[in-house]
Amino acid sequence: MLDVSRVQKELAECNKDKAISGVSINLHGGDDLSHLEGTISGPVGTPYEGGTFRIDVRLPSGYPFEPPKMQFVTKVWHPNISSQNGAICLDILKDQWSPALTLKTALLSLQALLSAPEPDDPQDAVVAQQYLQNHPTFVATAQYWTEAFAKRTSVGIEEKVQKLVEMGFPEALVKSTLDSVNGDENMALEKLCSS
Amino acid sequence: MDDDDYYYSQSSDDEDAGDDDDDDCYDDLFDDPLCDEDSSTNSYEYTVIEEKSLLTLQMEALQKVIEFLSLSESSARILLIHNRWDVTKILELFDRKGKEQLFLEAGLVLDDNNYNNNNDSSFSALSQITCNVCFDDFSKDEFSVMSCGHYYCNNCWTEHFIVKINNGASRRISCITPKCNAICDEAIVRKLVAKKSPDVVCRFDRFLLESYVEDNNKVKWCPSTPHCGNAICVEDDPCCEVECSCGLTFCFNCLLEAHSPCSCKMWELWSQKCKDESENINWIMVNTKPCPKCRKNVVKNGGCNHVRCICGQCFCWLCGNATGTAHTYDTIDSHSCGRYDDAKSKHIERAKRDLYRYTHYHNRYESHAKSLKEEINLYETIEGLINDSKSEDTHFKSFRWALDGLNQLKRAREVLSYSYPFAFYMFGRELFIDDMRPEESAMKKNLFEDQQQQLECQVENLSMHLGKSFDLLSDKELFETSQHVTNLSSIVNRLCKEMYKCIENDLLLPFRKNHPIATYMSNALRKKR
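Line by line, the protein sequences are chains A and B.
Adding 22 to a residue's 1-based position in the first sequence gives its number in my numbering.
Adding 3 to a residue's 1-based position in the second sequence gives its number in my numbering.
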């Protein structure tokens with residue numbers, strides 16, 4: 023059974039200082055405490071600087087005695103994160119997990135992972151190879167991905183909502199659809215048309 | 004026959020066997036007269052550990068460590084699991100590295116460490132404490148402190164233990180605190196888990212018990228299926244053949260069937276080779292050609308080189324290309340492919356030779372295995388005769404000699420059978436081609452084949468005598484047969500030993516490290532254990 027009271031305490035605790043820590047965690051939608059969404063801001067001085075990265079967090083019923091399952095929703099170019107599906111290679115999310123760690127510490131570890139990649143233990147072999155053999159290209163690609171996927175301002179979103187509403191879709195539906203496809207205008211349109 | 008010498012020299016020994024004390028006499032025969040000072044024959048020891056003795060053995064090891072280092076059972080177990088149940092190694096490390104290092108590496112906390120201090124100051128001073136896992140407040144007696152000084156509420160410890168046990172990590176449940184390597188005290192684990200789910204405690208205890216096998220270099224489970232529940236403990240050389248009390252004989256090193264005088268590597272290659280279809284494919288390559296139209300493999304069954312496939316397509320057997328139908332015995336109309344391709348024919352020649360070679364060895368390997376199967380049926384007959392015999396019967400009528408002879412025959416058949424894959428790799432291109440000059444290899448091959456042949460000859464002899472219908476023989480003939488069997492048994496035993504010795508000392512000497520071979524044991528020796 024999921025320890026509901028602990029998760030609630032964690033949520034409150036984590037969001038108290040989110041401005042300073044750069045990580046926050048919220049319900050993914052609805053009131054399901056086992057499905058959360060975390061965000062981390064890209065660390066300063068890295069190709070991820072300025073980006074906000076969203077992470078899908080699922081808590082198994084054994085949480086906190088079993089590790090939470092985390093996956094990047096925002097596309098990110100990093101040796102230890104799959105460029106395809108956002109899967110993360112991090113020991114504390116696997117065998118090194120301890121019940122005394124929290125969602126906040128896990129997110130902070132992810133933030134640290136962004137600053138200090140471990141290309142010798144890669145999740146994405148292509149990225150890792152580029153990191154080791156052609157570092158300038160790696161930095162450029164990571165920056166480009168941050169720019170393209172992790173820096174969607176709310177103004178941008180408003181414009182897109184506006185555009186789609188003008189096409190005749192209800193505003194609430196537009197917002198949730200855009201949200202589900204990570205703000206991608208074309209995909210949202212496709213989804214709206216097919217539904 | 005040059006073996007006659009042995010025959011006569013032995014028969015004097017045998018006259019003594021006429022009196023009733025034949026058991027000892029047999030052991031003597033196997034151990035003594037012919038095997039000279041070959042001490043290696045008896046060099047390895049093993050024990051079968053049955054389910055009920057597992058606990059006793061484990062307690063013995065624990066007791067030694069408990070006494071020597073004056074530890075609790077839990078701590079002793081942690082040390083032993085970490086050091087793979089090697090008591091000698093623990094004592095050696097204790098001498099060399101000291102107690103602190105020894106404990107640290109195993110995840111054990113020294114009693115006089117921070118535990119007490121911690122206990123005094125931060126922990127015991129408080130009345131209400133927040134657990135760092137569930138973030139709830141409890142009174143002090145709801146908490147447990149581990150030897151490392153870290154404390155969490157009992158509920159959280161319990162959950163932690165259960166998750167770890169269910170994940171199969173019972174043998175090394177570490178403290179909750181990140182980066183703390185201390186192993187949790189098994190008494191606390193048992194006490195807390197028992198309150199919530201007693202069946203998990205059973206699993207925990209089971210895992211700890213099995214650790215003696217799982218985390219122990221000297222002990223392995225018997226590979227029998229369905230599993231007999233036994234394990235085997237080998238003291239010295241892991242490369243040996245053992246017989247579990249369930250009746251299965253196996254190689255302790257690779258856990259496959261006993262295969263000496265093949266090395267484990269050779270046996271692995273051989274089984275793979277026999278299993279996969281590669282040799283068949285070779286045969287197809289050498290003996291058939293694909294039809295240029297339907298690609299079916301066509302085998303030429305005589306006639307000229309103009310071949311017609313069942314699909315109706317004609318082609319030239321020499322080059323494989325499609326042709327017309329008009330032909331004579333030496334020409335095909337408007338077709339010429341007389342240019343000789345040296346490389347191609349060499350390749351085919353080689354494949355042909357390899358295939359032939361493999362077939363040669365495989366046939367002999369199989370035929371001995373088949374003979375063995377037949378001969379095993381004799382056990383029933385002979386055991387029947389033994390049961391029918393009366394205790395006052397003379398030696399040759401008691402038929403014990405026949406049983407001993409059959410045991411020896413069985414063992415020798417195994418040796419012979421496995422000696423063929425051995426020879427296949429010893430003198431083939433697969434393993435040692437770069438390590439032996441061709442002359443050296445040829446010389447060794449001659450030496451080995453001589454021995455193999457001698458053994459083969461005596462084995463067939465023995466088999467012939469044992470295959471007689473004993474009930475049709477007169478007393479005199481029966482007596483003579485018993486003498487033949489006894490003599491041949493000891494000759495065969497000696498020849499087996501010599502073959503192993505030759506392999507060990509003359510053939511495999513430079514490669515022994517990678518190809519260790521289990522020492523030869525006669526059936527009598529195997530059974531003794």
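Some hints here could point you the wrong way.
[What the hints assert, rightly or not] Reference excerpt, derived from the structure (chain A facing chain B, CB under 10 Å, subset only):
| hint | residue |
| --- | --- |
| 1 | Glu35 |
| 2 | Asn37 |
| 3 | Lys38 |
| 4 | Ala41 |
| 5 | Ile42 |
| 6 | Ser43 |
| 7 | Pro86 |
| 8 | Lys91 |
| 9 | Asn107 |
| 10 | Cys111 |
| 11 | Cys215 |
[Claimed, not checked] With a straight-line cut-off of 20 Å between C-alpha atoms, the simulated SDA-like cross-links for lysine to any residue are:
| hint | chain 1 | residue 1 | chain 2 | residue 2 |
| --- | --- | --- | --- | --- |
| 12 | A | Lys91 | A | Gln152 |
| 13 | A | Lys116 | B | Lys143 |
| 14 | B | Lys182 | A | Ile114 |
| 15 | B | Lys167 | A | Met23 |
| 16 | B | Lys199 | A | Gly84 |
| 17 | B | Lys182 | A | Cys111 |
| 18 | A | Lys38 | B | Phe138 |
| 19 | A | Lys38 | B | Asn170 |
| 20 | B | Lys167 | A | Val66 |
| 21 | A | Lys116 | B | Arg175 |
| 22 | B | Lys199 | B | Gln275 |
| 23 | B | Lys167 | A | Gly52 |
| 24 | A | Lys116 | B | Gly171 |
| 25 | A | Lys91 | B | Arg174 |
| 26 | B | Lys199 | A | Leu24 |
| 27 | B | Lys67 | B | Glu213 |
| 28 | A | Lys31 | B | Phe71 |
| 29 | B | Lys143 | A | Ala122 |
| 30 | B | Lys276 | A | Cys111 |
| 31 | A | Lys116 | B | Ser177 |
| 32 | B | Lys198 | A | Lys197 |
| 33 | B | Lys167 | A | Lys31 |
| 34 | A | Lys116 | B | Glu213 |
| 35 | B | Lys296 | A | Gly84 |
For the record, the hints were derived by calculation from the structure and aren't laboratory data.
Cβ coordinates follow ideal geometry from the N, Cα and C atoms, glycine included.
Quiz item: Which hints from the list above does the structure break, by number from lowest to highest?
Solution: 2, 3, 4, 5, 6, 8, 9, 10, 11, 12, 13, 19, 20, 22, 23, 25, 28, 30, 32, 33, 34 and 35
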